Structure formats: C-alpha cells, structure tokens
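Residue numbers (our numbering), protein chains in the order written: chain G, 1 to 361; chain S, 1 to 361; chain A, 1 to 361.
Treat the hints with care, as some may be off.
It does not matter which identical chain is used: a pair holds within one copy or between any two.
Straight-line Cα separation of at most 30 Å, BS3-like style, residue types lysine-lysine; simulated pairs [stated by the list, open to error]:
| id | residue 1 | residue 2 |
| --- | --- | --- |
| 1 | Lys-85 | Lys-118 |
| 2 | Lys-342 | Lys-118 |
| 3 | Lys-106 | Lys-342 |
| 4 | Lys-342 | Lys-85 |
Simulated from the structure, these hints should not be mistaken for lab results.
Since we're looking at a predicted model, the values are computed, not measured.
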Amino acid sequence: MEASTLPGRYFADPDVYREETRRIFNKSWICVGRASDIPEAGDFILRELNGNSLIVVRDENGDVRCFDNVCRHRGTRLLENADGKLPGGIQCPYHAWRYQLNGVLKSAPNMSSEEGFKPTDFSLSSLQCRTWEGFICVQRDPGGSGVAENEPAFWSRFRDWQLAELVPAHRITYDVNANWKILFHNFSECYHCSLVHPQLNPVTSAASASNDFTEGPLLGGPMILNDGFATVSTGGELCGDVFPGLSAEDRQRVYFYTLFPTMFISPHPDYMLTHRVERRSVDRTRIICEWLFPPEICSRSEFSPEAAVEFWDMTNRQDWHVCELTQQGVQSDAYQPGPYSKQESMLAAFDRHYLSLMNEQ
Amino acid sequence: MEASTLPGRYFADPDVYREETRRIFNKSWICVGRASDIPEAGDFILRELNGNSLIVVRDENGDVRCFDNVCRHRGTRLLENADGKLPGGIQCPYHAWRYQLNGVLKSAPNMSSEEGFKPTDFSLSSLQCRTWEGFICVQRDPGGSGVAENEPAFWSRFRDWQLAELVPAHRITYDVNANWKILFHNFSECYHCSLVHPQLNPVTSAASASNDFTEGPLLGGPMILNDGFATVSTGGELCGDVFPGLSAEDRQRVYFYTLFPTMFISPHPDYMLTHRVERRSVDRTRIICEWLFPPEICSRSEFSPEAAVEFWDMTNRQDWHVCELTQQGVQSDAYQPGPYSKQESMLAAFDRHYLSLMNEQ
Amino acid sequence: MEASTLPGRYFADPDVYREETRRIFNKSWICVGRASDIPEAGDFILRELNGNSLIVVRDENGDVRCFDNVCRHRGTRLLENADGKLPGGIQCPYHAWRYQLNGVLKSAPNMSSEEGFKPTDFSLSSLQCRTWEGFICVQRDPGGSGVAENEPAFWSRFRDWQLAELVPAHRITYDVNANWKILFHNFSECYHCSLVHPQLNPVTSAASASNDFTEGPLLGGPMILNDGFATVSTGGELCGDVFPGLSAEDRQRVYFYTLFPTMFISPHPDYMLTHRVERRSVDRTRIICEWLFPPEICSRSEFSPEAAVEFWDMTNRQDWHVCELTQQGVQSDAYQPGPYSKQESMLAAFDRHYLSLMNEQ
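In isolation and in its complexed conformation, chain G is listed as follows (with noise of 0.2 Å):
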C-alpha cells in the first residue's frame, strides 16, 4: 500500500491550524483572485487570510498592491465593502486618515503639528503581490518559500490555453465543513468517482488518469474525454471554441492541477475552470469556483457558460458533501488512519509536500 492518511489532529485541532499560518499561509504564495477583478486604478477586492482583512487594490502606476485593512492610527479597519472604487485613496472611516494607493499616508488631520511626527512612518503594512497568468498572489513573509515562483515551468505550461488572459464568465461561492486539505485531497483522485459522480462518469473514466506532476507544489495530470464529449458540460457539447493552440491530444483532455495551498486549475478544451480555496477555520473552507472564458468569447451575443456551470456545480456539490462526511468521521475520536490505495497517491504526494512544511526546522 501507498502510505496511510493522516492523524485526527491534522483535520480538527486549532493548534495545528494556527501551525500551518506560520509555517504555510504566511510563507506561501496565496491566490487572492484574477487581475481583471480589479483592471483600473483605485479598483479594490478585500480578502481574507488567516483570519485577517486583507485590501487588494491597483495603484495609479497599474500595479497591484495589498495591504493589511487596519489604519496605522487607532487599528481601525478601513474598508468595508467587499469591493469598489477608490478614487481618492484609502481613507479611514474615523479620524480621516488618507493613504495613497501606494499604501503611503498623504495627510493625517491635526498631526502636522505633532512632534516628532513623521508620515513616512506610518505606510500600510503590505504584503509582497506577484502575477503570474493573469493570478494575483500575495505572500505574508517575503523569505518565504515561493511556490508558484519556482515554478515557472508549470505556468508557462497554460500558454496554449491563453490562461493570463481569460476572464471568468461565472463565479460561485461555496461554504463547506471540512478541512482544507480534505478538499485538496478530494480533488485528486478519481477512486469516487464511480460512487460519488455518475454523470461524469461516462464523461471521462477514472481509469484514464494519469499525473504529469507528483512530488512537491504542484500535483496532477490528464483525464481523457471519452468518445461524444467535446468538453466537460451537460450534454458534452462545447461552451467556447477550443483554444486554437491545443495540441490533437489536449482537445480530448480535462487536465486536474493542484497548486499548494490554495488553488485547483482545471484546463479544458474551451476554458479553465479554477477553484480558489480560502482556509477559514480548523473545519471551515471557502471555495471561489469561477470558469473562466477568452474576453471575446465571453462577448460574443449567442455565448452561455450555462451548460459548463451546471454540470460542474452538482458535480462540485457531491464532492463537497462527502468531503463534509469525511470532516465528521476524521474528527471522531474513534479515527484512525487508513491505508491509501494506487489511485490515492496524489494524496499521499499531497501530505508529504505538507508535512516536509510543517516539519521545517
């Protein structure tokens, strides 16, 4: 056999979640969303990591910033809407403290005349911001270990599907009670999927999976689309165009990424489907599933993504259901770890990339 699952703890106890902040959330390149969320100046997005407000915005030179929501006079948090313009930069709700977008304070009422008092000072905590294909990525920790940033061959890898410049054309928001790393290992394997999917089934079979990545960040390969299926969808029918780069072989393939800690990226013939995994508690995590399309497909008069959405949303559904299942089972007491079969060894992959992190010295 593979190897085994992991102990109890690792799904249900606040220590190992306050654990893996330090050791994996505030070190590790984190998904915050897609450039075009925010395309001009003074657009911003909040976020939340581990717990605390995070303020994503593009400054007037075009780049993309993020900022701890908490002003630098009182700790209030500054922004409140969960996104929106800001055209005059960030100012505090209580005592009128102004930063540029930039994240340096411009004017502090009355502080002038403070002794001693120098703005320069008081600049936004931020976080290091990257983009990679069109993904905005913050990092807590600049000596951090730079997952996606070590990887270059894995982004170059979605060139042929034009993933920098995709936009989504729908976006649906999950709840689930389960651990994140149960959702991980959800989704990568294929061993459920002849209980938990009957209808993706006859679309692609779980013997046809094969992994191009298996060691490390970055974890997955290819499934094969059976005979009548152009695409994943209801009905199997294309939403777009396939790509015009593919090669013969990718236009009969859905590929299933992983990307440590927080993305799945699903290429498909004629879009990418991404889900964007949020950490919210020891037995809460948040999935942004968005199915992203080329701009002028996405124009087009006649386009819905509708078929794509809804057979990726119920199969979405069963597999958060018993992801939940598994939640409650693995924070029993009477859990003991189980043995992973040839289809699982993604999972296994998956925790010993995790436990070499956690383990760090």
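Since chain G is already given, all that's left is putting chains S and A on it; use the hints.
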C-alpha cells in the same frame, strides 16, 4: 447535615467533562435504546456518545452490534440518517467500501491489487454490546466497570413488570441546558415536588418516599400512590392494565430508580416510564423519555397512553426548567456548595459514587 | 507625540478579560442603575457583572442591597425576570428556600430538623452597595479601590444640575461588538467628530474642547455650544428648562466626563445624558443610555425629550459603528500600536490609569 453539593467546576468546566469521558463514559455500560427499536436484521439507529457517532445495528444472526460511524479507509462518516435499514451491509458513500453487518470489510474496490492489503485488518471499530431486559447497552473499554453487569439483582427486579417485552407507546426528546448530573440530582429527590410539581403532589406525597437502593450505581425506591389514583396520569386512571404479576403493594406504588450514568427507570402499576440521558456538553443534556407498555396493550384499538404522556410531559418540563436555573446558578463565580437535606440523601450517594469513579487510580 | 495605543491583546485576549475581572471589575465601584429604578421596598432589578447575575433590591428599611442571584442550597438562580417586585422576600423556585430582602435566610422547608443547620450560615452572598447622586454602585471586593468614593469633589460637581433628583425620561440599550475600552476611547476625544458626526459639528466645535479632569479615574471636560444652540438636540432648542442653578458659563456648555470603568456622564444645560457601560465579553459591550430630567419637567403634559433623544441616538450609532470597525482592526494580527495625537490626551490618560491597575502588585 448529610453532605454538601459538588463544587462548581463539576458543572461548568470542559476539563471535567473530558475527564468524565475517560473515567466514566468510556468505561460504563451506556444505554442506547431498546431492542425493539431495531427488530430485524439490517435495522439500525445512530447514537452520539462523547461527541462521536455510533451505529447500532442488528446483524444477520439477530445479534445487536455497535460500531463507530467511521470508514476505515479515509475516515468518512458512513451513515447519515438517524435510523433505517441496511439490506446489503454498510457501504461508505465516498469510495464504496462495503462492510458486513458484523463489521467485517466485505469489499473495497480495486484494493485487492494492493500489495499486502488484508480486508480483515480493516473491520469497523466496535464497542461491546449487551441487552438487559430489552435495553441495549454498549461499552467502549472492554475492561471498564460493568455497572449493569454487576447488578443482576437489579435487572431481575423488573420481571414483575415484564420489562423485557415492553415497547414504547410514546417518545419525547428534550434538550435541556444543564449538566447531566443536575438532571440525575433532580430525579433523585422529591424535596422540590411541593413547589415545582403542584399537580403531582396530590397523586403521591414526598413524605411517602423511601429508598431500597441507597449506595452505588443504582439508587432510588418507591413512593405510594394516594387513594383515588390508580397510576400517575392526568385524572389518575390507568392507561393500560395493571401488570398481572404485581404484588398488592406494588399496585399502589411508583418506583423511581436511577441507573448510573444514563438511565432513569420508573415502574408504574400499568406502564414503565424511562428516561435515557445523553450527555451532550458540559452544560447541555438530551433526555429521551419513553412510555413503555406491553405490545398486546398497544395493539388494542381503544388504547391511548395520552393521560400518562400528558402528565409526565408537564412534570418533565417543570423539572427541566429548575434544572436550567440551577445550571445558571452553579456556573456563577458566586456559587458555593450548599447543604443537602435528609430528603436529598440519594444525591449525596450519587455524588459519592461519581467521585469514587472520578478519583479512581 | 503623546503616547501609543494599547497592544492588540488588550482588546482581543480572553485572558486579559479575566485579568480585568480580577484587578478592576471586582475591585471598582460599578454603576448598576439609578435609585429611581427601584423606588419602593421589594423593587428589584437584575444586572450582569463579569458574567454573573446580580440582584439589586430595595429592602424594608429603604436601603439598596445587592446579592448574587444564587441560592445557598443547590445554587439555583433565584430570579429570572429583568425587574419586578418581591412582596414577600426572595424565594428560590426550586425548594422554596426564602430569603429576607436583607439577604438573611428566613425559612427553608424541613431544614430545621437537620442537625447543626443554622439559617444564619446561609445568607445570600452580597456586594457592597452605595448611592452617589442617584447612581447605585456596587463593589465586589470590600478592600477594592474606591474610585467614586475617593472623589467627593467629582460628585459634588453635579449639584448645580440637581443630579441626585433627576429621573430618566428615555432609555436606549445598545449592544456593541467592541471591547469596552474602545468605547471609553471613543467617548474621550472629538478628533473623530468632523468625519463621524457631521450633525454635531455645527453644534459644538472640537476646537472648543478642554479638560478639567486629566488624570486618574475621572477624565474629561467641557465643549462650548455654538451660537443658536441652547442645548444638544435636533434643532438646537431646549427640551426642558435650563437648570436654575447654572452659571452663565455652564448655560453655554456641554460636559463630557468618563468615570472609570462603567460610566459616561454628560451634563447639558437642560438635561443630563448618561451612558452605563456593561462589559459583556472581550469583544462585546452593552451600553445603556439615559436622558435624565427633573421629575417636575417630566410630568409636564407638553414635555418631550424627543429632540435630545433623536440627536444622541443618531450620534451614538455613528460612534458604535466606528468602534466596531476599530475592534475588527485591532484584533487583526497586522495591528500595531499607533500614535495618539494631542486631541487624544484623555485616551492616553485612560490607558495610564488602566495599566496602573492591571500592573498593580
């Protein structure tokens, strides 16, 4: 004075709750229902014990079995419905591992090809299971103290009431915001009856109470029904027939027994009232109250347990209210142990037994 | 710069909350209401202090008493209603133990026959009780620091406003999701007024604020009413009469005082605004706001406090909102202490007093 009430931490401290799990609830025989709840092979009920889900099921041989509701593969909760039938054994909803009703793994898709995989290594985790006079009891630790086992005299005591054959004519579940011991205390004295139960007082007088079990896990004794009351019911009339085997004395008595740590058993001239006590957290307890009658009485077209149900439901609710007020008081920092009166000698005996288990080396 | 704001743990750590209980809230005089709330013998109100329920009652001699709401027998909560009348003393709803209004056990059914039982051993647990200018204050630890007691100058300060005789014409209770100190901070500066209170700005200017108590448990001072505003109210007109004893100066002033750790007192030309601050948990506070007027004003048929109530209710809600935003920010891991401005000198003084009590040996 007899003794003093327990210090406040015993009613409010989550650490005490966990200690009780280890020293009492994992070692004692725990009542989980009646054999008549699962009459046929494949019938099951789910129960919760110490926060963990249990499957109680009748197997192909007619034996009652109890398993942790956790798959041995990935830890998934196997069953979700509170009760039902399992015609083909227990199948995990995630990867279709299938267990026989005796807990042995029958099939696990694709695992036969795994090197070194022996199905017999992956039977469901089980608890000991016994049935006394129709009550299904389970015990986590095989070496645990066998409360009920050690008391054959107690169980045989109910022969005159045909306890083994009785079936529930009615069931009410109550969720009470009080520690389980406060409910045992409440059931163990009638000092409160004059103020709390104005309707019970005319039926049977607190002054008539005596005790025939006064030390150890079994406590309690009879009260005498006043003239004009054939049983405890609204109106005082019988709902069923007086049990034919009862002595003249028992025909004018109601007995109130507590069986540590999960049962109250109350023989009446024509029925048996039972309370099953499920500890849920340090300040919440579920009570499942049943009115048991002989099956041949229940099948009479004119039979109704209504008068007994109505009376005890009213009385139960009166009790739960003062139990909840007591929980609120004893978890106050200002609470200090108070004096038990002579009428509360069974509470002092309960506390002695409880503390002896909690302090055992 | 003056000083820095407190570290985040003071606003978010349950251990700090418990330490405050021990070092501050069990030792200080705590305001629990007005003497006019319980005018006659037997009148009572319930209050919560440090998570424990208190009974505040007027006894047969007309004295105000304060007891823990816990029976000395089994610990049952004695009273449930938020207020009411106790014609015959305090009777426990469980076993009918009955206490006099001075807390002495009057009768306990059947206990007289218990050997060694002395009713005088079982008086209700009590707190010290004092009334200053109509405010009922209680103190848990007899040796505790006597905030109010030590400041006769402070209390006598309100003679011109007839404080002792005033009665509430209106009361509003607010539940705010913020630490109690954030509410004291908010009340102690008008630096936020220009942005947060656009309606207050024309009435009285932040620049007019000064302080006549600047160190210790009592802090604050006056602001000057602008021309055209006889008091603080919607429209700026008086709701009552100007207090006849006021100096010409005080007729054009509003005072804002904080009395550590449970009161804000704000004398106006024609009424007294009071906020009672009830700490509920590390991140929740209840505020009970009252508009006090002379009883003879209240009894006038044409009297209405509406203009004063409406104005302050709006202003209160503006404050609570920024307090809640501040709570969200300071409990973020990203929060770091920031600089107090000169306009926030009372906050720095509050923090000094607070820390001196928290760090006392």
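Violations among the numbered hints, reported as their numbers in ascending order | 4
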